[in-house]
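Kindly generate the complete structure, drawing on both the sequences and the hints.
Protein chains in written order, with numbering that gives the first Met the number 0: chain L, 0 to 194; chain U, 0 to 209.
Hints in this document: simulated from the structure, not taken from any laboratory.
The structure displayed is predicted, hence computed values, not measured ones.
Heads up, some of the hints might be wrong.
Below, a list of computed lysine to any residue pairs in the SDA-like style, where the Cα atoms sit at most 25 Å apart [claimed, not checked]:
no.: 1; chain 1: L; residue 1: Lys140; chain 2: U; residue 2: Pro23
no.: 2; chain 1: U; residue 1: Lys113; chain 2: L; residue 2: Leu131
no.: 3; chain 1: U; residue 1: Lys113; chain 2: U; residue 2: Ser187
no.: 4; chain 1: L; residue 1: Lys75; chain 2: U; residue 2: Leu182
no.: 5; chain 1: L; residue 1: Lys140; chain 2: L; residue 2: Tyr80
no.: 6; chain 1: L; residue 1: Lys74; chain 2: U; residue 2: Cys21
no.: 7; chain 1: L; residue 1: Lys74; chain 2: U; residue 2: Asp79
no.: 8; chain 1: L; residue 1: Lys140; chain 2: U; residue 2: Pro26
no.: 9; chain 1: L; residue 1: Lys75; chain 2: U; residue 2: Ile193
no.: 10; chain 1: L; residue 1: Lys74; chain 2: U; residue 2: Leu49
no.: 11; chain 1: L; residue 1: Lys74; chain 2: L; residue 2: Tyr126
no.: 12; chain 1: L; residue 1: Lys140; chain 2: U; residue 2: Glu24
no.: 13; chain 1: U; residue 1: Lys113; chain 2: U; residue 2: Pro26
no.: 14; chain 1: U; residue 1: Lys113; chain 2: L; residue 2: Lys176
no.: 15; chain 1: L; residue 1: Lys140; chain 2: U; residue 2: Ser31
no.: 16; chain 1: L; residue 1: Lys75; chain 2: U; residue 2: Gly184
no.: 17; chain 1: L; residue 1: Lys74; chain 2: U; residue 2: Pro23
no.: 18; chain 1: L; residue 1: Lys75; chain 2: U; residue 2: Ala100
no.: 19; chain 1: L; residue 1: Lys176; chain 2: L; residue 2: Thr79
no.: 20; chain 1: L; residue 1: Lys75; chain 2: U; residue 2: Arg86
no.: 21; chain 1: U; residue 1: Lys208; chain 2: L; residue 2: Val82
no.: 22; chain 1: L; residue 1: Lys74; chain 2: U; residue 2: Ile29
no.: 23; chain 1: L; residue 1: Lys140; chain 2: L; residue 2: Thr79
no.: 24; chain 1: U; residue 1: Lys113; chain 2: L; residue 2: Asn37
no.: 25; chain 1: L; residue 1: Lys74; chain 2: U; residue 2: Lys208
no.: 26; chain 1: L; residue 1: Lys75; chain 2: U; residue 2: Thr188
no.: 27; chain 1: U; residue 1: Lys208; chain 2: U; residue 2: Leu49
no.: 28; chain 1: L; residue 1: Lys176; chain 2: U; residue 2: Cys21
no.: 29; chain 1: L; residue 1: Lys75; chain 2: U; residue 2: Pro26
no.: 30; chain 1: U; residue 1: Lys208; chain 2: U; residue 2: Arg86
no.: 31; chain 1: L; residue 1: Lys74; chain 2: U; residue 2: Pro26
Computed from the model, here is a short list of chain L residues facing chain U with C-beta under 7 Å [claimed, not checked]:
no.: 32; residue: Phe72
no.: 33; residue: Ile87
no.: 34; residue: Tyr94
no.: 35; residue: Asn96
no.: 36; residue: Gly134
All residues carry an ideal CB built from backbone N, CA and C; glycine is no exception.
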Amino acid sequence: MLRYFLPLALLVAVPSLSKAQNLTIVEYSVAIPVGDLNSFIDEPSFRGVNLGYRHMIDGTRAVGIDMGWQTFFEKKDRATYTVDNEAITGEQYRYTNAFTASVQLDHIFREGEDIRPYIGIGLGTIYARRTLDMGLYSLEKDPWQFLLQPEAGVSFYLANGNALLLSANYYAGFKSKDLAGQSYVAISIGYAFEN
Amino acid sequence: MTLHRRSLIGTLATVALLGTGCYPEQPTDITSFDLVFTASSPSFDFANALTYAIPDSVVLVTGNLTEGELPEMVDPLYGDQIIDRIRRNMDSRGWSEVNAADSPDVIFLPAVSKTENVTVYNWGYWGWYYPYAPGWGWYYPGYVPSYSSYTSGSLIMLMNVPADVSASNNVPIVWVGLVNGLLEGTSSTLLDRIESTIDEAFEQSPVLKR
Chain L
0 MLRYFLPLAL LVAVPSLSKA QNLTIVEYSV AIPVGDLNSF IDEPSFRGVN
50 LGYRHMIDGT RAVGIDMGWQ TFFEKKDRAT YTVDNEAITG EQYRYTNAFT
100 ASVQLDHIFR EGEDIRPYIG IGLGTIYARR TLDMGLYSLE KDPWQFLLQP
150 EAGVSFYLAN GNALLLSANY YAGFKSKDLA GQSYVAISIG YAFEN
Chain U
0 MTLHRRSLIG TLATVALLGT GCYPEQPTDI TSFDLVFTAS SPSFDFANAL
50 TYAIPDSVVL VTGNLTEGEL PEMVDPLYGD QIIDRIRRNM DSRGWSEVNA
100 ADSPDVIFLP AVSKTENVTV YNWGYWGWYY PYAPGWGWYY PGYVPSYSSY
150 TSGSLIMLMN VPADVSASNN VPIVWVGLVN GLLEGTSSTL LDRIESTIDE
200 AFEQSPVLKR
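Written out as structure tokens, the structure reads:
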């Protein structure tokens, strides 16, 4: 029943309306690079998708996993880059494909309400594949980094345990041997299905 | 339709929205691949170098020459254009061209490579021009260029100092210019790209201005 927004949330369907204890989540995300990633690509990404799964521990807590893929891209017009006694001129095509996987723990507020805010924290890894194409040359770094993924969002219950989601995630990558931490903020809209 | 099916369809649809995947936009214009790299020796006193010599032909690097073998030359349609453009840039920056036998401060050696992944072409390519004994090599005094290898479609410009031959019979290369791109397109387009990229090599090398 689509009447109003019923509680929903990532985490929970209202126990009185649904017996579902698990949710599958699909999200589309827009992201803004920060830190070192922003220095490399100063453009927002409109290419992101996240898949999640949550098991409800009780009415206010959920545990699960998130997996995501966000593609960042920026074309740099032909320019000269000088370092010490060297200079190079050309167009640059910069890409970063960030693949994330994390274990998430969420807390849901306003149990039983139609609109439920929630917060969460996740730990996992980010595989950041950075590619710099210039001329016929391509330079690539693809480190695995430790990932901290705090999130906050709100769920709008629809029906049959399904819900719409609106969330913000901060993907904080930690410095690895050959690359500074790759981080970005993502705003996502999604849909949660009860299992 | 079960919820599981809807979930699957939703997932696939979302993934499909991403469309072009990992690399959303890539070069489509041939000039987008043109790359100009230069490096210069930090230890060479460019300010006191005033004269240069340059051959009238551009050698074509086809691999390692055997001793005594003469190199092929680039088609004069392109070779003359390359030489002329280098001359214009050198002259406009205050250099004076002299004959190679008149003790120039530097000698400018342009070569073109159409082969794949040539790392270094040998000194023997210049035995016909350079008035010195064979068996010499070259080295980079005080620096190592980041691009020490090149792929198909490269113009390699080496500036060396004939008076500074080392004890090990190596000639110092004090400036290197590398133009790399696709050898495609019409001849007029290629000539335009040769001109513009050689100009860029000089523009990004302020040490060459007198």
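Checked hints:
| no. | hint | in the structure |
| --- | --- | --- |
| 1 | Lys140(L) with Pro23(U) | holds (18 Å) |
| 2 | Lys113(U) with Leu131(L) | holds (24 Å) |
| 3 | Lys113(U) with Ser187(U) | holds (18 Å) |
| 4 | Lys75(L) with Leu182(U) | holds (23 Å) |
| 5 | Lys140(L) with Tyr80(L) | holds (20 Å) |
| 6 | Lys74(L) with Cys21(U) | holds (14 Å) |
| 7 | Lys74(L) with Asp79(U) | violated (35 Å) |
| 8 | Lys140(L) with Pro26(U) | holds (20 Å) |
| 9 | Lys75(L) with Ile193(U) | holds (22 Å) |
| 10 | Lys74(L) with Leu49(U) | violated (40 Å) |
| 11 | Lys74(L) with Tyr126(L) | holds (22 Å) |
| 12 | Lys140(L) with Glu24(U) | holds (19 Å) |
| 13 | Lys113(U) with Pro26(U) | holds (21 Å) |
| 14 | Lys113(U) with Lys176(L) | violated (37 Å) |
| 15 | Lys140(L) with Ser31(U) | holds (22 Å) |
| 16 | Lys75(L) with Gly184(U) | holds (24 Å) |
| 17 | Lys74(L) with Pro23(U) | holds (10 Å) |
| 18 | Lys75(L) with Ala100(U) | violated (45 Å) |
| 19 | Lys176(L) with Thr79(L) | violated (28 Å) |
| 20 | Lys75(L) with Arg86(U) | violated (31 Å) |
| 21 | Lys208(U) with Val82(L) | holds (19 Å) |
| 22 | Lys74(L) with Ile29(U) | holds (15 Å) |
| 23 | Lys140(L) with Thr79(L) | holds (22 Å) |
| 24 | Lys113(U) with Asn37(L) | violated (38 Å) |
| 25 | Lys74(L) with Lys208(U) | violated (31 Å) |
| 26 | Lys75(L) with Thr188(U) | holds (23 Å) |
| 27 | Lys208(U) with Leu49(U) | holds (10 Å) |
| 28 | Lys176(L) with Cys21(U) | holds (24 Å) |
| 29 | Lys75(L) with Pro26(U) | holds (11 Å) |
| 30 | Lys208(U) with Arg86(U) | holds (13 Å) |
| 31 | Lys74(L) with Pro26(U) | holds (9 Å) |
| 32 | Phe72 | holds (5 Å) |
| 33 | Ile87 | holds (5 Å) |
| 34 | Tyr94 | holds (6 Å) |
| 35 | Asn96 | holds (5 Å) |
| 36 | Gly134 | holds (3 Å) |
This entry does not satisfy hints 7, 10, 14, 18, 19, 20, 24, 25, going by the numbered hints stated previously.
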